[in-house]
Every structure is written in C-alpha cells, then in structure tokens.
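Asks: Given only the sequences and the hints, what does the whole structure look like? Please build it.
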Amino acid sequence: MNVGLEHYLVVSALLFALGLLGVIVRRNLLVIYMSLELMLNAANLALVAFSRFNHNLDGQVMVFFIITVAAAEVAVGLALIVALYRKRETAHVEDLTTMKF
Amino acid sequence: MNAFSYLDLLNLLGPETILVLTSLAALFVDLGALRDQPLPRRWLAGGGVTALGGLLAILWLTNVTAQANLAHGILVVDPLTQLVKVVLVAMLLFTVALSLRAEFTEHVGEYFCLLLLATVGMMFLVSSEDVLTIFVALELTSLSLYILTAFNKRSLVSAEAGLKYFLFGGVAAAFTLFGLSLIYGLAGSTNLREIATNLAGKGTDPLLMVALIMVVMGFGFKIAAVPFHLWAPDAYQGAPTPAAALIASGSKVASFFVFAKVMALGFAGIEGNGAWRQFAPGWVPVLATLAVASMLLGNLAAIAQSSVKRLLAYSAIAHAGYMLLGLLAMSNPHRRADGMAALVYYITTYGLTTIGAFGVVQIVERTGGDSLENFAGFSRRAPLVAVCLMVFMLSLAGIPPLAGFFGKFYLFTAAAGAEPGNLGLLWLVIFAIAMSAVSLYYYLQVLKRAFVAAPAEAAIAPVVSFMERLTLALLALAVVVLGALPAWLLGPIADAIKAAGF
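These protein sequence lines are chains U and E, in that order. Read in my numbering, the first sequence has 77 at position 77, and its numbers run on one by one without any break. Read in my numbering, the second sequence has 130 at position 130, and its numbers run on one by one without any break.
Hints were generated in silico from the structure; no laboratory data involved. Each statement offered as a hint is correct.
Just some of the chain U residues that point at chain E, by a computed CB distance under 10 angstroms: (1) L36; (2) G59; (3) L84.
Chain E regions said to be covered by chain U (calculated; three or more residues, Cβ under 8 angstroms): (4) 146 to 155; (5) 163 to 169; (6) 232 to 238.
A few chain E residues that don't get close to chain U, going by computed Cβ distances all over 10 angstroms: (7) P40; (8) T65; (9) N69; (10) L265; (11) L440; (12) A459.
We put the beta carbon where it would ideally sit given N, CA and C, even for glycine.
Replies: So, in structure tokens, the structure goes:
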C-alpha cells in the first residue's frame with residue numbers, strides 16, 4: 001500500500017479527536033494535560049506530513065517550536081496544579097466549582 | 001530569505017529588548033538587593049524598575065522610526081505596529097501603577113517579570129505576519145497571563161481561575177494550531193499574505209472551512225467571544241485585580257490586532273457574505289454570528305451579576321462583540337483602512353477605560369469585597385474615585401462626549417459602510433446599537449449604588465494612595481479628552497495606517 005498525505009491527515013485528525021475526547025470526558029487534571037499534549041502532537045504530525053508532501057521545510061521548523069512551547073505549557077500547567085493542590089488537596093476538575101456563572 | 005545584520009535587528013527590536021532586560025532587572029533587584037526589605041519598599045522598587053523600562057521602551061518607539069519586513073513577515077515593523085506597541089506599553093505602565101499597593105503576594109520580582117514578559121509577548125504578536133511567530137507570541141502571552149491569574153496564593157479562587165483559564169487556553173491553542181497546520185498544508189506557506197495569494201481561487205474547500213473555524217475558535221478564546229468566553233468571568237474574578245486589568249486591556253488589544261490581521265490579510269478572498277439574506281460561506285458570516293452571540297449573552301448575563309469584576313467580564317464579552325464589527329468592516333479590501341482605524345481607536349480607549357474600572361474595583365475591594373453592595377454610598381467615602389468610576393462606566397456604556405461613544409460611533413459607521421451600495425451589515429449595526437442600550441442598565445446599576453444608595457452602617461473609607469489617585473485621574477482625563485477630541489488619537493492612527501500601507 002502506498003502511504004499518502006491523506007493517511008497522515010486521517011491519523012492526525014484521529015489523534016486530535018482522541019485528545020479532545022480525553023479533555024472533555026476525563027476528570028483527572030494530569031490525564032487532561034496528557035490529552036492536551038495529544039492534540040498538540042496531532043497538529044505536529046499534520047505539519048510534518050504537509051511539509052514533506054509540499055516540499056517545503058517551514059512546517060518542520062514550526063514543529064520544533066511547538067515541541068518547546070508544549071513543554072513550557074505543561075510546566076506552567078503542573079505549577080498550577082501544585083498551587084491548587086496546596087489549597088484544595090485535589091486534582092479533579094469536579095472540585096473546581098467555587099465560581100459559577 | 002534576505003540577509004540582515006544583527007545591528008539592524010537590534011534597532012527594530014529595541015523596545016522588546018529593553019523590556020526583556022527590564023524583566024531580568026526586576027527579578028534581580030528584588031531577589032538580590034531587596035530580599036530582607038519590608039514588602040511596600042519592594043513593591044515600590046520593582047514598580048520603579050518596571051516603569052523605567054516601560055518609559056524607555058515608549059521613548060524608543062516614538063523616536064526611532066524604522067520600517068521593515070524581515071524573513072517574509074516573521075517580524076514586521078511599521079508605524080502602525082509601533083503605535084499599537086506604544087498603547088500596549090502604556091497599558092502595562094498603568095497596570096504597574098495600580099499594583100504598587102498590592103498585598104496579594106510576596107513574590108514581587110516574579111510578578112513584575114511576568115507582567116513584562118506578557119507585554120513582550122503581546123508586542124511580538126502585534127509585529128508578526130507569520131503563522132509561526134503568531135503562535136509562539138500567543139503562547140508567551142498566554143502562559144504569562146495564566147501564572148498571573150493564579151498569582152494570589154492567599155485566595156481560594158485564584159488558583160482555580162488560573163487553572164480554568166489554562167485548560168480553556170490549552171484547548172484553544174491546540175485548535176488554533178491544528179487550524180493553522182491545515183492552512184499551511186493547503187497554502188504551502190506560513191506567511192499571511194502568501195497564504196491569501198495561494199488560497200485565491202480555491203473557493204470554499206471543506207477542509208479550508210474546517211481550518212478557518214478552528215483558527216476562529218482559537219482567537220475567539222483570546223478575545224473572549226461567545227461561545228469561547230467561559231474562562232473570562234472566572235479569570236477576571238479570581239485573578240489579582242491588576243492582573244485582570246492587563247488581561248482585559250493589553251491582551252485584548254494585541255489579540256484583536258493580530259486577529260484582524262489574520263482575517264483581513266490571511267483569509268482575504270474567502271470573506272463570504274454576511275449581509276441580510278445574501279449569505280455566502282466565509283469568515284464574515286462566522287464572525288457575525290460570534291458578534292451577535294457575544295453582544296447578546298454578554299449584555300444579558302452582565303445584568304444578573306452581583307460581583308462587579310464578573311460584571312466587567314461580561315461587559316468585556318459584550319465589547320468583544322462590538323469590536324468584531326470592526327473586523328467585519330475590514331472584509332472589504334477598499335474599506336479596510338477605515339475598519340482598522342475604528343478598531344484601533346476602540347480597543348485603545350476601551351483598554352484605558354477598563355483598566356480604570358478595575359483600578360476603582362481594587363480600591364472598593366479593600367473595604368470588604370467587589371460585590372455591588374460594597375459600592376453603596378461610595379461617592380461619600382471617596383468622592384474623587386467615585387467621579388472617575390462614573391467617567392469609566394459611562395464611557396463603557398457609550399455616552400457622549402466620552403471616548404466610548406466615539407469608539408462605538410466610528411466602529412458602527414465603518415461596519416455599516418463596509419459594503420457600499422447595499423445595506424450589508426446594517427442589520428448587525430442595528431442589533432449592536434440596541435444592545436448598547438441594554439448595557440446602560442447594568443453600568444447605571446453600579447453608579448446608582450455608588451451615588452444614590454446610602455452607605456452601610458459599618459462602611460469604612462477606603463485607603464487610596466497618591467499613585468492610585470493620580471493613575472485613575474489620568475485615565476479618566478484620557479477618556480474625557482479622547483472623547484472630546486477624538487482626532488488626537490484618530491489622526492496618528494490614520495497616518496500610521498496609511499504609512500504602513502495596510
């Protein structure tokens with residue numbers, strides 16, 4: 001079988017959808033972070049695939065930046081969990097209900 | 001890629017460089033020299049260092065005229081971006097002036113460092129016409145603001161607000177990125193203008209529409225447009241008040257500016273049509289829908305609020321709806337300059353007003369909280385601050401002769417005139433005017449408490465520092481003057497837009 005651009009795109013769309021599903025249905029913040037990473041990596045996969053099939057390196061350059069930014073994002077996210085845990089002793093999103101409407 | 005010397009680069013990026021160095025200086029001064037000093041002195045020193053850096057950056061921006069477009073839009077410097085950057089740094093300075101008496105944290109150096117880094121992110125955001133730098137700058141801004149939101153370690157809600165902001169922001173960033181990657185794939189370029197050229201003639205490819213919606217989702221989150229607004233009320237309420245002021249002003253200015261660029265430059269050619277009964281798919285109907293939803297939900301939900309910070313958040317959502325009209329006005333390439341001028345004028349005056357409003361809320365908070373009851377009889381406890389509050393609220397509602405009125409006037413005129421010859425977006429303008437009438441109700445609710453209601457028995461007069469008085473008076477003066485003499489701001493904006501060839 002010849003693997004073409006559309007195969008990569010289908011996989012990347014699936015990864016993105018799985019990530020989004022994880023963010024929506026999971027209740028533990030750490031798992032939600034992992035799902036967020038999955039969404040970013042889906043975009044990375046799409047970028048690399050486009051870059052290869054368009055014969056244009058911009059996409060691959062972008063992927064390196066995104067990997068770095070994603071790492072920084074998780075660092076900030078974990079710091080926020082620590083800050084929250086000190087006050088509430090919980091890492092579940094159901095408990096984040098002090099403020100409503 | 002054309003070669004450029006690093007000296008030129010330093011010349012173009014002078015203000016950003018100054019602010020980054022200032023952020024390091026603020027950290028080192030606080031952690032190195034002032035570690036054992038009392039807290040008020042540390043706030044003063046940190047604020048002083050930050051203000052000095054900000055003033056230097058403004059001096060540089062107003063005196064060094066540079067114009068360049070490096071590496072296909074990775075860094076675009078022209079009079080328009082310089083002007084918006086001056087506005088951003090000014091908003092940073094006002095925020096700093098309002099934080100000097102803050103008591104929510106002992107990490108003074110980190111606080112100012114993050115304020116500066118967020119501003120640097122916004123400045124890069126303004127200066128980029130390339131998908132890559134837009135994303136990186138967006139993340140720099142967002143990450144700094146997430147931390148600032150959660151900065152109040154003593155409050156239960158601050159960390160929760162930060163986390164909600166982070167979760168929504170993370171998902172929105174992923175959507176933006178996926179959308180941008182699809183656009184890169186379809187257009188084969190990361191530069192906004194090249195994207196528009198390469199997409200021309202593709203019509204409404206379904207994949208392109210998916211990409212467009214995803215990009216709009218990401219930016220819709222940044223500007224807090226319905227239905228991507230859910231983080232805003234929580235973040236505004238939970239964040240330390242000066243940080244909320246920066247989120248509501250500077251971050252909005254930069255996000256709207258770059259959103260306008262992405263839509264008007266990157267998606268030029270797939271505007272579609274949002275005119276009444278002439279619907280055609282494209283970004284105009286999408287943004288028109290967001291605008292209607294934001295104005296409706298923002299204004300109606302604000303009526304029900306008892307916390308004034310939340311009220312301001314919903315009012316910010318409603319204002320995002322009005323500002324989207326400015327973007328819609330830019331859908332006609334021949335009228336693009338008008339739309340841009342109206343938008344920049346509106347976001348500037350709105351930002352100044354909203355910083356002022358948060359400044360007043362911060363003072364009221366010292367007497368117990370930010371609920372409407374705490375405003376009762378405020379005019380008798382702090383007359384000058386109450387007058388400033390009146391100016392800000394009436395300007396937000398759009399009462400002439402304040403800046404808010406002229407902002408709305410120019411914005412609505414630009415939107416109504418976007419499609420000459422037919423009624424075009426007139427239906428949206430009529431809706432927006434009706435909605436601004438609704439908004440008057442809740443702004444007057446706050447003023448009624450402050451000026452008419454009797455103060456509670458145990459009400460105490462709030463402590464107002466000289467710096468806060470000065471800042472609020474300056475902001476109120478700016479709102480009045482820019483309303484009475486809009487040409488003072490509109491003139492430079494129009495010149496800058498012309499010089500930038502937008």
